[in-house]
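Put chain B on the given structure of chain A with help from the hints.
Going line by line, the protein sequences match chains A and B.
Our numbering applies: residue 1 is where the first sequence begins, and numbers increase by one.
Our numbering applies: residue 1 is where the second sequence begins, and numbers increase by one.
No lab work stands behind these hints, which were simulated from the structure alone.
Among these hints, one or two may not hold up.
Unchecked claim - Cross-link-like lysine-lysine pairs, in silico, BS3-like; alpha carbons within 30 Å at most:
1. A/Lys-167 to B/Lys-226
2. B/Lys-34 to B/Lys-226
3. A/Lys-46 to B/Lys-111
4. A/Lys-35 to B/Lys-300
5. A/Lys-233 to A/Lys-188
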Amino acid sequence: MVNVKKSVTVLKHFVLILTLLVSGNYCAAQLVVTKIEGKQININEKAATVQKYDDFIAPYRTRIDADLDNVLATCPETLDKSTGQWQTPIGDLLANVTLAKTTPVFRKREGKEIDICILNHGGIRAILPKGNVTTRTAFEIMPFENTTVVVALKGEKIVELTNYFVKEKKPHPLAGITFTITAANEVKDIRVKNQPLILDKTYYVVTSDYLSNGGDNMTFFKDSIKVYDLEYKLRNVLIDYFKDVDTIPVVQEVKVTQEK
Amino acid sequence: MKRRYFIQKTAASSTLLTLGGLSLSSFTTEEVRKVTILHTNDVHSHIDPFPATDPKNPNQGGVARRAAIIEQIRKEEANVLLLDAGDIFQGTPYFNYYGGELEMKLMSMMKYDLATIGNHDFDNGVEGLLAQMPHANFEFVNANYNFMNTVLYTHVEPYKIFNKGGIKIGVFGLGIELQGLVDKKLYRETKYNDPIEIAQDMSRILKEEKKCDIVICLSHLGFNYKNDPDKVSDINVARKTKNIDLIIGGHTHTFLDKPVIEKNIDGNEVLVNQVGCYGINMGRIDFYLDSKNNVTSGGKKIII
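Next up, chain A with everything else stripped away, as it sits in the complex (with noise of 0.2 Å):
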């Protein structure tokens, strides 16, 4: 073994010692860029497929295959983002799911109840499909690492939530929260866990890290109180919630009322 290892480090410093000829040589005649060709190779179904690689990735696939197929519960009816126009039934089980998962947390660190969720729209990035619900269907709905976090707002800014909300037009997904749009499209009656909104009382919303840093333009959340990092991956609360239950409801409430 440490022969090997020594005529290694002989034939190395051989070639170092030619090389450093050589190169010195080159150095002399430099040289010029003359032509630059350029293009793009498109990798679709008619490339061969070298074995060794799906030999050497099979393994890895067949262990998340086996995790990600496990069947968690069952799902009545497909849940789409699509349908509604203030609410969506993908949107309104999340949000619910979300606030019902992170309040133990948060009152089990804090000593407080969690009273708001509001998620984004964007973020739901698959329907959940009526039948088998799985780990996978998890991953496909939230693909993203965002974690759950806690930011204190004053009622205040709870006010201006609902009308961010308006204004954007997005059915972002929400709990503990109900509100009327006017036909003036003015917000009225906000009342947080069927309490009327008090301005100067503070209130704990959950949300993903994404979004308390502004993200989808949500700026309300930039003059918190206070921001509390669950360390609990949204996804993570999904497969929880999966896990918790056998048949997925159907969420029901009216959260936003759009007067005529």
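Same frame as chain A, but now just chain B:
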């Protein structure tokens, strides 16, 4: 220790390769030389091809296919340099489950020569990136992140110089501003320096001091920003520097029909390329070089 021995071994074998190229060409000194640059960016852990049923990218990509194409090119070309412009991590469960181990091992099997660091390569923190480096037979370059006060210190060099068949190629790396893009608890004390200033510095060092024949900027800054044209981007780096021959970019997942030609500060042409994302495409740039004595008229021919 194991890693150090490994690097020594790699260094020795690449010197051997170089020697092979040199001895061959030394008999035909007047001949035009060629180097082939292959590059990917934003592969985002896409190891398997997209399924035939995928609504956006059916049958696209796949590491085993990319490997086949690379192997074929290596059979045809003596001097190949294989580069990646960052965001190797994040995008499929392969990353969530194995933290980037499989991505690094496969890139090593394909004999990647060098990569730069994308914002998503910090997704498991500076510690997470460091933990995967032993699985990589290639190195990482970045010149505008100061890792002095992080665990990555000494693990990332600003540039690397390759000698392929007597052609000296200098490659330096540039990374995007992390603040606001990546959580600070992930990038920790990584300090961001102005990429334009660093690029001016690096290109001078590589061209004038190190006498490189080709200077390549491996960037994860993004191609350009239409709504914020002054934001640092590959296009702006091309325009505000000199001595760079090629900028290989990433981050913005820009699909170009063909590489873009920009003019640098001196009015010379710079090639800027990026190949979308997810391993759907691979870029190929062939450089032909001749000794200074053989070139009569100035300028170069660019065929894209």
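* Straight-line Cα separation of A/Lys-233 and A/Lys-188 no greater than 30 Å? -> Violated, because 33 Å separates the two Cα atoms, which is more than 30 Å.
* Asked: Taken at face value, is the distance from the CA of B/Lys-300 to the CA of A/Lys-35 at most 30 Å?
  -> Given that 30 Å is the threshold and the Cα spacing comes to 5 Å, the pair holds.
* Starting from A/Lys-46, check that the Cα of B/Lys-111 is at most 30 Å away, please. => holds, 22 Å
* **Pair hint outcome, A/Lys-167 versus B/Lys-226 [Cα-Cα no greater than 30 Å]** => Holds: A/Lys-167 and B/Lys-226 sit about 25 Å apart, inside 30 Å.
* Asked: Going straight from one Cα to the other, do B/Lys-34 and B/Lys-226 come out at no more than 30 Å?
  -> violated, 35 Å
Hint violations for this structure: numbers 2, 5, all remaining hints satisfied.
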